[in-house]
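Chemist: Kindly produce the complete structure, drawing on both the sequences and the hints.
Listed in order, the protein sequences are those of chains A and B.
The first sequence begins at 4 in the numbering used here and counts up one residue at a time.
The second sequence begins at 174 in the numbering used here and counts up one residue at a time.
These are computed hints drawn from the structure, not numbers from a lab.
DSS-like cross-link-like pairs, simulated, lysine-lysine; straight-line CA separation at most 27 Å: (1) K60(A) with K12(A); (2) K267(B) with K233(B); (3) K267(B) with K60(A); (4) K229(B) with K271(B); (5) K267(B) with K73(A); (6) K267(B) with K241(B); (7) K229(B) with K241(B); (8) K60(A) with K17(A); (9) K12(A) with K271(B); (10) K271(B) with K241(B); (11) K74(A) with K271(B); (12) K86(A) with K60(A); (13) K12(A) with K74(A); (14) K74(A) with K267(B); (15) K60(A) with K271(B); (16) K271(B) with K73(A).
Just so we're clear, the structure is a prediction, and the values are computed from it rather than from any experiment.
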Amino acid sequence: DGGITQSPKYLFRKEGQNVTLSCEQNLNHDAMYWYRQDPGQGLRLIYYSQIVNDFQKGDIAEGYSVSREKKESFPLTVTSAQKNPTAFYLCASSPRDRAHMNTEAFFGQGTRLTVV
Amino acid sequence: GDSVTQMEGPVTLSEEAFLTINCTYTATGYPSLFWYVQYPGEGLQLLLKATKADDKGSNKGFEATYRKETTSFHLEKGSVQVSDSAVYFCALRKGDYKLSFGAGTTVTVRA
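Modeler: Okay, here's the thing in structure tokens:
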């Protein structure tokens, strides 16, 4: 089945540690996104990538880093510089070709990160 | 820039009540409009979409009509069930650019 897989579902991090959240898609989508969701809040864009080896900062990129070495993968690293990393993280992807302009994004099931 | 304004919640209803969640947008050109639903602890799922003016998206008893003259895409359901309890997000996308989301509306349906 095609889709987006995020792992792990739950992640615990000690203060001062970096952690990496995995996001893999087999939908052959060019564009991928990372969002952060806090309790009772909407979605805030962290980073997005429209093509391999290229990515742009979203609205809240400070304390996060990403890479896009493969089309299928867009891992997010939460660094120790992120002051309040406890949140629900969502990865998404969407096509960019001319035949799929204006189409929806597809989401993974999310990773809940807790700092202990 | 493009933006979406969504009715704030939370909304609490009884089963079989009528649900409406208002959504208005600001964008140049002709974006596509979406409603996503998020159940507790899960990611977002596409509920319905409309890609041009006057289109009506529908799914699982939910409907929304793309109104360009009022820049709106209000979500409606005639008779809600407990299983419709979730967070609903309105969103837009123009071309190959990123999605813009509303703040989300939490809906609770009581038996």
